[in-house]
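There are 2 protein chains.
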Amino acid sequence: MNFIKNNWFSEIQDELWPGQMFSLKIKEVLHKEKSKFQDIQIVETETYGTCLILDGIIQCTSRDEFSYQEMIGFLPLCCHPNPQKVLIVGGGDGGVAREVVKHPLVKEVHQVEIDERVVELSKKYLPSMACGFENSKLKLTIGDGFEYMKIHKEEFDVIITDSSDPIGPAVSLFQENYYKLMKNALKPGGIVCSQGGSFWLDFDYVKKTMDGCGKHFAKVAYAVTSVPSYPCGHIGFVIGSLDPNQNFSEPVTRFTKSQIDSLNLKYYTSEVHPAAFALPRWVEKHFYK
Amino acid sequence: MNFIKNNWFSEIQDELWPGQMFSLKIKEVLHKEKSKFQDIQIVETETYGTCLILDGIIQCTSRDEFSYQEMIGFLPLCCHPNPQKVLIVGGGDGGVAREVVKHPLVKEVHQVEIDERVVELSKKYLPSMACGFENSKLKLTIGDGFEYMKIHKEEFDVIITDSSDPIGPAVSLFQENYYKLMKNALKPGGIVCSQGGSFWLDFDYVKKTMDGCGKHFAKVAYAVTSVPSYPCGHIGFVIGSLDPNQNFSEPVTRFTKSQIDSLNLKYYTSEVHPAAFALPRWVEKHFYK
Numbered sequence: 001m002n003f004i005k006n007n008w009f010s011e012i013q014d015e016l017w018p019g020q021m022f023s024l025k026i027k028e029v030l031h032k033e034k035s036k037f038q039d040i041q042i043v044e045t046e047t048y049g050t051c052l053i054l055d056g057i058i059q060c061t062s063r064d065e066f067s068y069q070e071m072i073g074f075l076p077l078c079c080h081p082n083p084q085k086v087l088i089v090g091g092g093d094g095g096v097a098r099e100v101v102k103h104p105l106v107k108e109v110h111q112v113e114i115d116e117r118v119v120e121l122s123k124k125y126l127p128s129m130a131c132g133f134e135n136s137k138l139k140l141t142i143g144d145g146f147e148y149m150k151i152h153k154e155e156f157d158v159i160i161t162d163s164s165d166p167i168g169p170a171v172s173l174f175q176e177n178y179y180k181l182m183k184n185a186l187k188p189g190g191i192v193c194s195q196g197g198s199f200w201l202d203f204d205y206v207k208k209t210m211d212g213c214g215k216h217f218a219k220v221a222y223a224v225t226s227v228p229s230y231p232c233g234h235i236g237f238v239i240g241s242l243d244p245n246q247n248f249s250e251p252v253t254r255f256t257k258s259q260i261d262s263l264n265l266k267y268y269t270s271e272v273h274p275a276a277f278a279l280p281r282w283v284e285k286h287f288y289k
Numbered sequence: 001m002n003f004i005k006n007n008w009f010s011e012i013q014d015e016l017w018p019g020q021m022f023s024l025k026i027k028e029v030l031h032k033e034k035s036k037f038q039d040i041q042i043v044e045t046e047t048y049g050t051c052l053i054l055d056g057i058i059q060c061t062s063r064d065e066f067s068y069q070e071m072i073g074f075l076p077l078c079c080h081p082n083p084q085k086v087l088i089v090g091g092g093d094g095g096v097a098r099e100v101v102k103h104p105l106v107k108e109v110h111q112v113e114i115d116e117r118v119v120e121l122s123k124k125y126l127p128s129m130a131c132g133f134e135n136s137k138l139k140l141t142i143g144d145g146f147e148y149m150k151i152h153k154e155e156f157d158v159i160i161t162d163s164s165d166p167i168g169p170a171v172s173l174f175q176e177n178y179y180k181l182m183k184n185a186l187k188p189g190g191i192v193c194s195q196g197g198s199f200w201l202d203f204d205y206v207k208k209t210m211d212g213c214g215k216h217f218a219k220v221a222y223a224v225t226s227v228p229s230y231p232c233g234h235i236g237f238v239i240g241s242l243d244p245n246q247n248f249s250e251p252v253t254r255f256t257k258s259q260i261d262s263l264n265l266k267y268y269t270s271e272v273h274p275a276a277f278a279l280p281r282w283v284e285k286h287f288y289k
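Sequences listed follow chains E and D, in order. All residue numbers for the first sequence refer to UniProt numbering, where the first residue is 1 and numbers rise by one. All residue numbers for the second sequence refer to UniProt numbering, where the first residue is 1 and numbers rise by one.
If you're looking for bench data, these hints aren't it; they were derived computationally from the structure. Just so you know, not all the hints are guaranteed correct.
If several chains are the same, the list does not tell them apart, and a pair holds so long as it fits within one copy or across any two.
Unchecked claim - Straight-line Cα separation of at most 25 Å, DSS-like style, residue types lysine-lysine; simulated pairs:
1) Lys219 x Lys257
2) Lys285 x Lys102
3) Lys124 x Lys85
4) Lys208 x Lys266
5) Lys5 x Lys25
6) Lys107 x Lys32
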């Protein structure tokens, strides 16, 4: 169930976050349609800017999206010694592409998004994110990430999966065989980073995703970032590396504060990077046992 | 405005967090009264355990309170070389006292809470927090923190202010003259730590509180912790030290993981400590300019 009532949009999701609900006050519903894959709503909110909602779940708002997009991009990119060729799976709003193309070592970015309508609507209503699609480093393919990776072996340095939550169409992106497919699409020493859910919500599901990743990747970790419009106000990333000596919490590319500002990064810094991997004791004990 | 409707409690606060709202599904309203100071509700929720609500604002839930209580306690305690004597202002649920008494160097804890009813109701409905009041290190005074500090000069090593939000009765606890009063109640080299609001919400208000602290304390910083039941899913602390050489992000008392487990700390570790001070670039630029 999800709804707009008395100008408030409420995000109710009994399976993923029972008993809690976040709501945003709406100025105007800008667009509403059912695409081939999902229900799409774009709303203008009172205090969170423009908001993209897929199947009743908030994907991003223009007020806080940068913390998610910068972190899912720069955490893996700064862990890889030379992330020249990057694949983004999902990310139809363009925000992750906008961040990934900024990294000075990145030469080519390939993106596969299944739902063309999300891309088209983001270009129209979320231009500050969709500007990522305009960059000359980026090549966008509309299609299925699974099929795409089956025919692109050992090609990428980093693969970023910017998916919706593990319910409905995105559920397969959290499973072990998806990690196997990514491993095969990576060059030696490659790194993957995926939206990994919240440890406050489904602890065991995050652990299961990490274990699935760990079957194919030598090193696995979990990092978090603060995003007020996501359930519990934060979101995590599952990150895996083929390099058995990987230390995720020490970025191999470090930026000075003036470089951070030149790159127009508002959240990520070389100090925020290690901090994202420092987990509460009860989480650390469970995830790394 | 705040209300319970169709078994959901919704936290609407047009002044502090306009346009957004967090709601918890309620099993049962355990208690409801208007004390001399505030409106008190205690509810049993579906998925967040027991929840204390003051003037319509969630103060703590038994599911996530430890991340707040441990951090507001251990951040300043582990920054002080010898925090023998501690004052807690507010904190009527007992959770901060429960954490502070754990610290091996702490010998005496004095607590001043203005609303006796919060203490009494917490003992009845929130025993896992109110157990803090049972410890032999603790002396509880029912009264006004301002008046208490006026007659206790240069007595404390650390003062922790566990207040509600800066609206209504708690507003004075965010102002410059409160920091002056705390400075006078501290011994040389003393440290204060106060609930400091969220940088996602009122950026300028947090900065103003830090500036008020900075007029009386040689070093000031801001740290964050993740608390899903608070607005934006996190909360910050304004921390000040009389020691001009203080480096807050390097704890002077460090604990091994096995010590952390013996102290029954579920959130705080000696690695989470520095991570709490690593702020997003846009916040850091504004707060430390």
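Evaluated hints:
In this homomeric assembly, lysine 219 and lysine 257 come within 25 Å of each other (Cα to Cα) only across copies, at 21 Å, whereas the closest approach inside a single copy is 29 Å. Proximity of lysine 285 to lysine 102 under the C-alpha cut-off of 25 Å is restricted to the inter-copy arrangement: shortest distance 21 Å between copies versus 35 Å within a copy. In the homo-oligomer, the alpha carbons of lysine 124 and lysine 85 never lie at most 25 Å apart, since the shortest distance is 28 Å inside one protomer and 60 Å across protomers. In this assembly of identical chains, the alpha carbons of lysine 208 and lysine 266 lie at most 25 Å apart only when taken from different copies (21 Å versus 32 Å within one copy).
Taking CA atoms no more than 25 Å apart as the test, lysine 5 paired with lysine 25 passes in both settings, with 10 Å inside one copy and 17 Å between copies. In this assembly of identical chains, the alpha carbons of lysine 107 and lysine 32 never lie at most 25 Å apart, being 36 Å within a copy and 61 Å across copies at closest.
Violated hints for the displayed structure, listed by number in ascending order: 3, 6.
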